[in-house]
Amino acid sequence: MNLSNRRAWILALASAALVAAYLFYPEHRTHLFGLIPYAFLFACPLLYFFHGGHHHDQRAHNKLTAPGPGPKEGV
9 MNLSNRRAWI LALASAALVA AYLFYPEHRT HLFGLIPYAF LFACPLLYFF
59 HGGHHHDQRA HNKLTAPGPG PKEGV
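Here the sequence shown stands for residues 9 to 83, where the numbers follow my numbering.
Because the hints were derived from the structure by calculation, they are not lab data.
Incorrect hints may appear among the rest.
[To be verified] Derived Cβ-Cβ restraints for the label pairs, each shown as a range:
#1 G42 / N10: 42 to 48 Å
#2 Y30 / A51: 22 to 28 Å
#3 R15 / A51: 32 to 38 Å
#4 V27 / A47: 23 to 29 Å
#5 L26 / A47: 19 to 25 Å
#6 T38 / A16: 35 to 41 Å
#7 T38 / N10: 40 to 46 Å
#8 S12 / P53: 40 to 46 Å
#9 G60 / R14: 35 to 41 Å
#10 L40 / I18: 23 to 29 Å
#11 S23 / A51: 25 to 31 Å
Backbone N, C-alpha and C define an ideal beta-carbon position, used for all residues, glycine too.
Work out the full structure, taking the sequences as your base and the hints as a guide.
Structure representation (structure tokens):
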């Protein structure tokens, strides 16, 4: 499949998706808006896991931020 043929398929699929979204939106608007609170609730654990919240090593963090010995006095 050459590049122009692939672009034509992508353009056709994108156009069909836009037309379908335009036609289905008025019919299912209330259903979609009713799902928004659940989308936020579902996104919270996903953000926690995908942004590294489940493997935060507190010991390594303390080693990096712990104050080291100060400058030697009287040298």
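- Indices of hints not satisfied (ascending): Structure breaks no hint.
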